[in-house]
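> Let the hints inform the model, and build the full structure from the sequences given.
What follows is each chain in one-letter form.
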Amino acid sequence: MKSSCILVDKNEILVEYASTARRQEPGDKYEINVTYSGSVDYMLSKRQLTLYPETFIFLNPGTPYTRTIDATLPVNSLSLRFDPEFCQDFERVLRMKQHQLLDDPEGGTSLPKTFADGIYPLQGDLRYTLTHLRKHISAGNLHPLLLGEYLNHCLLNCYGMYDTEIRDRADALGFLADSTRDEILRRLSIAKDYIISNYNKDICLEDIAHAACLSVNHFMRTFKQAYRQSPHQFLTSVRLKQAKFLLKNTDYPVNEIVDIVGFECASSFIRLFRNSFKVTPGQYR
Amino acid sequence: MMQNVDLLIQARKDDAVQDDIILSTDDCIRDYYRLKQQGMLDLKEPAYIESGVFLEFKDPSGNRFVLIEKRDYKEL
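Line by line, the protein sequences are chains U and D.
Heads up: the first sequence at position 98 corresponds to 98 in our numbering, and the numbers run straight through without jumps.
If you want our numbering, it's the 1-based position in the second sequence plus 1000.
One or more of the hints may lead you astray.
With beta-carbon atoms standing in for the labels, derived distance ranges [said to hold, decoys possible]:
{"#": "1", "chain 1": "D", "residue 1": "Y1048", "chain 2": "U", "residue 2": "D251", "range": "47 to 57 Å"}
{"#": "2", "chain 1": "U", "residue 1": "H218", "chain 2": "D", "residue 2": "V1066", "range": "30 to 40 Å"}
{"#": "3", "chain 1": "D", "residue 1": "I1049", "chain 2": "U", "residue 2": "L7", "range": "26 to 36 Å"}
{"#": "4", "chain 1": "D", "residue 1": "D1059", "chain 2": "U", "residue 2": "P61", "range": "28 to 38 Å"}
{"#": "5", "chain 1": "D", "residue 1": "I1049", "chain 2": "U", "residue 2": "D168", "range": "16 to 26 Å"}
For lysine-lysine, the following BS3-like pairs were computed, each having C-alpha atoms within a straight-line distance of at most 25 Å [unchecked claim]:
{"#": "6", "chain 1": "D", "residue 1": "K1044", "chain 2": "U", "residue 2": "K248"}
{"#": "7", "chain 1": "D", "residue 1": "K1074", "chain 2": "U", "residue 2": "K241"}
{"#": "8", "chain 1": "D", "residue 1": "K1074", "chain 2": "U", "residue 2": "K224"}
{"#": "9", "chain 1": "U", "residue 1": "K241", "chain 2": "U", "residue 2": "K278"}
I should point out that these hints are in silico values taken from the structure, not numbers from a laboratory.
Ideal Cβ positions, reconstructed from N, Cα and C, are used throughout, including at glycine.
Below, the structure is given as structure tokens:
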């Protein structure tokens, strides 16, 4: 096991390479957690989240949690931990800039944009910023000012994702009263995290709806509104995404990948893959 | 100073600003840090656009440089 913690101002960057690890964390910071191979389990009070490649887990301060790695191959993970005071300052500066930039002063007051604890897709600018940051860390470029720039941009990129990940989904449920809408969205996001965390298992609608404290019908209807796809389509897209990652980053045979990501048979997997990405798994690899 | 930057200089064809020199880079944030360390004049923070992220600065003779890191946001 190899683990190092780099301090940047009041923030921390934790780089870990381990096949087994179990740690109680105070959970007193804002966190962005990613893994580049293998999975990491997070146990937050009664909720279990599993972190896979191509996704990130965002955590707010205030919930102690347990982080567990238990794998045959070492897991390559990266955690950014932001001091709450640092984030407040960051937000204040951002708000000021928005005020200066926008003719509409109301636009600047739409902050704070709070993410719920949960799993989000690792894509767009955040993906790029983290890739660059990781490159500098492995090359030993650890100047605090350099790393600080990347940390700033990671936060900025998170804010950038707010519209697609939160606001648009809330708007899609727009007919409800604000408080109802936020509560439904919160429960749907628990359901979404449940699906991602258990994507390779045989899960059924009842389990997901139960995890989210919604009735099956209510869950189906509202999920489709907010995520613009049915829960089953969402699960399939998570499986295909992970299959894509495994095709590119491992040399497991296709049959084994089909098994790992939870598809029942290779032929339906190949058909789905081809329909979604216009290439066969073999060609993609 | 910018040994890692691809020096791809292209004059802007449209008539907007004739004097801009556009360079492409693979990591705009790193370049921002380096230029800042060197006390570059009129250095603007990296900003996001549809095709990626860019920054602007002026050299001592007043030439305006734009550094662009193109990013592919389509799913890989």
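> Sort out whether K224(U) lies within 25 Å of K1074(D), counting only the CA atoms.
Roughly 23 Å separates the two Cα atoms, so the pair holds.
> Return holds or violated for the Cβ distance of I1049(D) and D168(U) against the range 16 to 26 Å.
Since I1049(D) and D168(U) have Cβ atoms about 21 Å apart, the given range 16 to 26 Å holds.
> Holds or violated: K1074(D) with K241(U), Cα cutoff 25 Å?
13 Å, holds
> Starting from the range 26 to 36 Å, see whether the pair I1049(D) and L7(U) falls in it by beta-carbon distance.
Because 33 Å falls inside the window, the suggested range holds.
> How does the Cβ-Cβ distance of D1059(D) and P61(U) compare with 28 to 38 Å: does it lie in that range?
44 Å, violated
> Given the hinted pair K1044(D) and K248(U), is their alpha-carbon gap at most 25 Å?
37 Å, violated
> Are Y1048(D) and D251(U) spaced within 47 to 57 Å by their CB atoms?
Violated: the Cβ-Cβ distance is about 36 Å, outside 47 to 57 Å.
> Could you say whether the range 30 to 40 Å given as a hint is met by the Cβ separation of H218(U) and V1066(D)?
51 Å, violated
> If you draw a straight line from the CA of K241(U) to the CA of K278(U), is it 25 Å or shorter?
14 Å, holds
Taken one by one, the earlier hints fail for this structure at numbers 1, 2, 4 and 6, listed in ascending order.
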